[in-house]
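Between the sequences and the hints, there should be enough to build the whole structure, so can you do that?
Below are the chains, spelled out letter by letter.
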Amino acid sequence: MSHKSNSLRGLALQKFKKNFWGVFSFCFIIFVGFIAVFAYIFAPDNTQHANQMHLAIHSKKPGFSIDMLTIPSDRKEEQGGLDAILFGKKNTNTEVPISDFSVEDGVLIYQEYAADGIEGAEKTIELSIFPNQSVEGFIVERTFLFGTDKYGRDLLSRVLVGARISFFIGFVAVFISLLIGLLMGSAAGYFGGKVDAVIMWVINVTWSIPTLLLVIAITLALGKGFWQVFIAVGLTMWVEVARIVRGQIISTKEMQYVTAARALGYTDYRIIVKHILPNIMAPLIVISAANFAAAILIESGLSFLGIGAQPPMASWGAMIKDHYNYIILGKPYLAIIPGLCIMILVMAFMLIGNALRDALDVKN
Amino acid sequence: MPETPILKVENLTISFGKNEVIHGISYSLNSNEILGIVGESGSGKSVSSLAILGLLPKKIANINSGSITYNNTDLTTLKPKLFQKIRGNKIAMIFQEPMSSLNPSMTCGKQVQEILLQHTEQSKTDAKEAVILLFEKVKLPNPERVYDAYPHEISGGQKQRVMIAMAIACKPDILIADEPTTALDVTVQKDIISLLKELQAETKMSIIFITHDLALISEIANRVLVMYKGHIVEESLVADIFNNPQNNYTKALINARPSLDTRLKKLPTIQDFLDNDISDDIISHDQRQKNHEKLYGKPPLLEVINVEKAYISKSGLFSQSQSFKAVNDVSFKLYEGETLGLVGESGCGKSTLGNAILQLDKATSGQIIYKGIDITKLSKAETRTLRKDIQIIFQDPYSSLNPRIPVGQAILEPMKVHKLYNSDAERKARVIDILNKVGLSEDYYNRYPHEFSGGQRQRIGIARTIALQPKLIVCDESVSALDISVQAQVLNLLNTLKEDFGFTYIFISHDLAVVKYMSDQLLVMNQGQIEELDDADIIYANPKQEYTKKLIEAIPKGI
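Chains as they are written, first to last, in our numbering: chain Z, 1 to 364; chain D, 365 to 923.
No wet-lab data here; the hints were simulated from the structure.
Here the structure is a predicted model, which is why all the values come from computation and not from measurement.
A few of these clues could be false.
Below, a sample of chain D positions facing chain Z; criterion: calculated Cβ distance under 7 angstroms [as the list claims (entries may be wrong)]:
id : residue
1  : 483
2  : 513
3  : 760
4  : 812
Some chain Z residues close to chain D (C-beta under 8 angstroms, calculated; not the full set) [what the hints assert, rightly or not]:
id : residue
5  : 255
6  : 265
7  : 332
Just so you know, even glycine gets a beta-carbon here, dropped at the ideal spot from N, CA and C.
Below is the structure:
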């Protein structure tokens, strides 16, 4: 029995590998996923939510550089290493952008940075608060590759950390929608009759509720926050999955191998799970890819409206919301960068969906 | 008959991608003749005729060499624009499936009229008259009504007549008929064949008649081409082919179909002819008699008493629901070890009856008693246990296997569900045993269904069915979708298995010849009711009912 067999899945995989845009998008999504998980390792600003503000240098251009003085705080936070990697450092240090400094008699004299050529205030600070009695390592030149946002936070770090929300909302929403959609869709399609009528009624009602309204309702019930958005998006998206599953099952049910399974005395559960669902995976995978993209867009939209992820959490939609009025003030990059991120990620999912559709189409 | 070729195919080679499917065939079609092309699926008979009309799929099909000459023009190099003038006008075609080759949203009359308006300069009213004349010519009842009828309002045979009317509308020189009667019942097939013959005699056009059925072709064609795997293996006049076939393949094709007169112990297959290993053992009348005495002495295994199956259709909110009885008051007894043939035309309720016995589709009323228990009253769980005893072999080998499960697993699964044998290892050994029994090697255990041919798949389906060691097997058109040579193999296999395991079969088919070969008793159904029930040989020899007579008469006999 050494014969190695080509399953339909194997054939589809071979076909997918030949599709350049599919593979490219797949790699890109893996890349973004990797960044999203390890965002705090890559981010220059690895504080929690990349939330280190420097109001003096707000909304600077990409590539802006400045000396940064870090004043250590006396409060020490207890935090494990893994926690810091996954959720960012809890930081109580103060960072001050400075334009000049000197050290005299154990006292550090520095001039705060002020924009537009105004002289900043001169301030002094005892060297004793620094460990080793020296400022070495506490004044460094910092470059902001994507510039800074309106609170003077590093935009690059915010974008990296914000990828998490977009990515995870995709996963959670698709997971919830698949869970409910598969359950309801298979029941409606397989059993038909009254079960079908009831489920179709639920589907139609759910479909008629605008996502926005549902999110507001859920927010009212469960409180504000990004988890509520995840659930709300998942709850609106299952209807599409359910409709597709239902339609597919109705047509697959007519295939003789399903009748054969019934004639062989298999239980309904076994027939659905082992004989029908594997055969309708193709449209399901494609709609999931599209749903992934849609979920990212919906979350951005909700965050833009202020009912998505709440500050200080970084989210691409919220970043656009924070900065869209800068577009007319000549600093469009603040809104354009997260906008581009959304576009590219959504497009990658759409392309992967297309490639999968072509690959899973067994007819050709 | 004048021997002037109207169409000449020379050294034609066609390939799909890198795969050559037609290997340099040459033939000619004379004017005023009916040329039959016969071959099994994949022999290239349809592809070569599609090439004549330039209807091959552009992207994948390629004419590598050769020419098709019609009226001194080479059709292989003709420009698409010029082709449109020939298609439908000079060379017309009738397709296999009348159900899907008519546009369901246009009335039949309009569809035929459209062709006339396209190819001639007639006015609309003239064209309408012409269409009604055409409908009269193809013997459609009440042509005016059919003119305004939508395709779903007329029967399958009538649709095929509309298709023929459409094809001959422009008085073509050549008519290509690609399996025009395969989807139709035998009685309708007979009418269509005689219609085509009459039309040919009247209009003196040439017909290329493509089919897989040699007996059918003997009724219509003057000359026959036999195709096998993209080659023409034999070409001669129809009488010569039947009386004196030269090629082994042709011989096999003629003999593989069960004969209506004698009953061979084992049907010869192509392999037998190639190996020259044909056994002509006949089951004699006495042997059969003796066997029957033994069979019918025992109490019946299955008893069907007054079974009815009604379908209720609700057409509107306020209109009364109408019920239609697909099976109407059917009773019969089935004895252990026998084969009961169930024959009838499409829509007669034979499959519905089969499903009712299998409990796949519950009967509306009546009793089905299996081993003394009324199985219509069993609970869901009890029915599932019963499934082990009553099994089915399906018609379509392509859709009856789950494409995502390797065949070994598919055969093993029912054993597992019904908890036969103790361990998976034991079951697997058993699966390999069964695979060998149906003539497949154990190498196939891990392969997927799409890697097999139709005949092999049907064997796998049979293997899955017998994995549960059932008592009673319903064969629902189990060989109808198979080529004749494969059909013979599967019928032989079914008979061998019956001997080895002592199965009882209910053999459902529309093909009287096959049913007669297989059955002990024969049950003829018409419109949900039993027309006749008796020993198969007796029914065939002296049919008592009008309907049975009509059915037997309609079978193409061959020469």
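Requested in this report: Hint by hint, work out which the structure violates, then give me just those numbers in ascending order.
Outcome: Violated hints (numbers, rising): 1, 2, 7; every other hint is consistent with the structure.
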